[in-house]
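Could you build all of it, start to finish, from the sequences and the hints given here?
Heads up: the protein sequence lines correspond to chains B and A, in order.
Numbering-wise (the numbering used here), the first sequence opens with residue 1 and increments by one.
Numbering-wise (the numbering used here), the second sequence opens with residue 1 and increments by one.
In case anyone wonders, no lab produced these hints; they're calculated from the structure.
All values reported here derive from a predicted model rather than from experimental measurement.
Don't take every hint at face value.
Claimed, not checked - Capping the alpha-carbon separation at 25 angstroms, the derived lysine to any residue pairs in SDA-like fashion look like this:
hint, chain 1, residue 1, chain 2, residue 2
1, B, Lys-237, A, His-79
2, B, Lys-237, A, Gln-87
3, B, Lys-258, B, His-135
As the list claims (entries may be wrong) - Covered stretches of chain B (chain A as the covering partner; in silico rule of three or more C-beta atoms under 8 angstroms from a C-beta of chain A):
hint, stretch
4, 118-126
5, 159-170
All C-beta atoms in this analysis are idealised placements derived from N, C-alpha and C, irrespective of residue type, glycine included.
Residue strings, one per chain:
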Amino acid sequence: MSDLERSEDTPQATPVFRAMPTVLGKRYRIERLLGAGGMGAVYRARDLLHEQFADPQPCVALKVLSEAYEHSTDASALLFNEFALIRHLRHPNVLRVYSFEVDTEHERVFVVMELLRGPTLDRLLCERPLGMAWHELRDIALPLLDALGHAHERGVLHGDIKPSNVLLSEDGIRLFDFGLGQAEEGTLSGLASVSRSRVNAWTPGYAAPEILEGGPLTRVADLYALGCLLYELASGKHPFNRMQATAARDMRPKIKLKRPKRLSRHAWPYVRKALSFDPEHRSVSIAQLREALTVKPGFWG
Amino acid sequence: MHAAPQWRSAAGTDQGKVRARNEDAILDCPEHGLWAVADGMGGHRAGDIASQLIVDSLGELTHPQTFDQRLEAVRQCLHWLNRRMGQELTVSDQQVDSLMGSTVVALLLEGKRAACVWAGDSRCYLWRGQQLYQLSRDHSLQQQLMDEHNMSLEQARAHPGSRALTRAIGASEHLNLSVVELEVLPDDVFLLCSDGLYQGLSHSELSNALSLISPQVALARLFDGVLRGAACDNVSAVVIRQ
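So, in C-alpha cells, the structure goes:
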C-alpha cells in the first residue's frame, strides 16, 4: 500500500476518539495548535485565571500527549518526566515550564509552559536555503551551546536536538522539548523508571548511529545531533543529505564532508568531530565548540 | 491595501456518518482575504493534527503589503509545514505508521487578484457566468491515469488504489505546490472543499448551491446534499463571494 494511500477508517479499528476540549483544567482556553511531533502537540492557550486578574500576557503554551501515547500506561509518567527534567534546569536559553496538571474530567495530563513568539530554526532554514550569515549563526549557536552545556552539567540529556526544537524568540534562543530527554545516573534518580527501553524514539536525520542501533542516550549522542544542526545552519544543507547516520556511515566510498564556507577553518575540526559516526571519536566538548564558533571566518576561511 | 472587507464567506466541516473522527480542518478569514481546507491523511495517526496545524499556521501569517508577498508567505508556510511533518518528525518504534500528512487548498483574494495554492485532492471551484469550473487539478493517481494514460474517469476510478495521492504536505522531502492565478470578475463565487464533499455531490448539485446569493445558504445546501447521502468521509467546504 502506498504511503499516501487512503485507507477506509473503520470505527472498530480506531480507539474511541476524544476531541481536544476547548478549556483544559477549567482554566486554559485552547486557542490554536502551535506544533506537533510524534509524541505530543503544543497549543497556545489563554489562562482564564490570570486574565481575570488583568494579566497583560495571559497566554501560555500547553503540551498535551498525542493520542497514540495517551493509551499507554506510561503516558503520564512520560510527560511528568519531561516536566521534571526541565524544572531541574535554570537557564535563560531553556524554555521555562510552569506546572504539570491533570484535567480529571477530560482525562488529560498536560504541562503549562511559557509562550514564546518567534520562528523555530526549521522555519528560519526554510527562509534561508543557503544557510545563515556568520553573525546570525554565532548568535544562535552560542546561546544554544550554553543551554545544552547547562543541561549536561545538571545531568540532563536532551535526546532530540533538531531545528524544530530551538526557537528564536524576541528575547533570544530557547531550547525546548525534552520529551525524549533523560537524567544521567545520579540525577533525579526517582525518574529512572521512564527509560529509553520503554520509549524508543528519535528523529531520523539527527539521531546518532548508536541511538538508531538501540544504544543508550549519552552526551555525545546529543553532540552528534548538535553537529548536524550547526552544519545545517552554516550551509542550509543537512551534512549527509538527510540520510540516517547509520546509512551515511555505511556508504562506500566513504562520505567526505566539506567545510561550509560560513564556518571558520578554526571551527570546522570541532564541528567535524561532533559529526563522527563513532561515538568514541566524538571527543569534543561543548566549551571547545563554543570557543571555536566565536572565531569569524576570514577571507581564506 | 490587503484587507478585503468586500468578501463574504461561510465555512463548515462535518465528521460525516462513518468516520470515527474529523480529520479535516478549515480556515475562514475574510478580513485577510484568505481561506483554506485541509484534509488530514485518513490512514495515519495524526491526520487531524496535521490538517489543524496547516490551517492554524496559515491563519497566523502576518500580512505583508503586496499580494505577491502574501502569496509567497503562504507558499513558504506550506513548505515549512512540509518539512515539519517530514524531516522534523520524531518517530518511535511503538508507532508502525509514523507518517503525518495532509492535503491543502488555499485561496488568496485581493481586489481583482486571486490565487489558489494546493497540494493533494482538496479542490477549488469557481462559479462564473452560470458555469462551474474546477480551478485546481487533483494530485491523485486517478488524475495521473487520466492525464498520462488517457483513461476515462470511469476507467481511472476502477484502477486499484486510484484514490492515492501523488502530492501532499508531509508526503515527501520536496514539496511541489501547484498555483493558479486569475483575475476576479464581479459575481464570481469560489468553493474550497475536501473530497468528502465533491465525491458526494453531482456537478449540477454543486452548481445549484453556488448559484445561491448567500454564502451561508449555499453552504447549508451543500451540506444538506452530502449528509442526505452515505457521507462516508469527512465533509468540509468554504463558500466565498463578493
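Structure-based check of each hint:
1. With a C-alpha separation of about 15 angstroms, the suggested pair Lys-237 (chain B) and His-79 (chain A) falls inside the 25 angstroms cut-off, and the hint holds.
2. The suggested pairing of Lys-237 (chain B) with Gln-87 (chain A) holds, with an alpha-carbon distance near 12 angstroms, which does not exceed 25 angstroms.
3. The straight-line distance between the Cα atoms of Lys-258 (chain B) and His-135 (chain B) is roughly 20 angstroms, inside the 25 angstroms bound, and the hint therefore holds.
4. Only when three residues or more bring their CB closer than 8 angstroms to a CB of chain A does the claim for the stretch 118-126 of chain B stand; here the count is 4, and the claim holds.
5. Against chain A, the stretch 159-170 of chain B contributes 4 residues with a C-beta closer than 8 angstroms to a partner C-beta. That satisfies the three-residue criterion, and the hint holds.
Every hint, counting from the list given before, is met by this structure.
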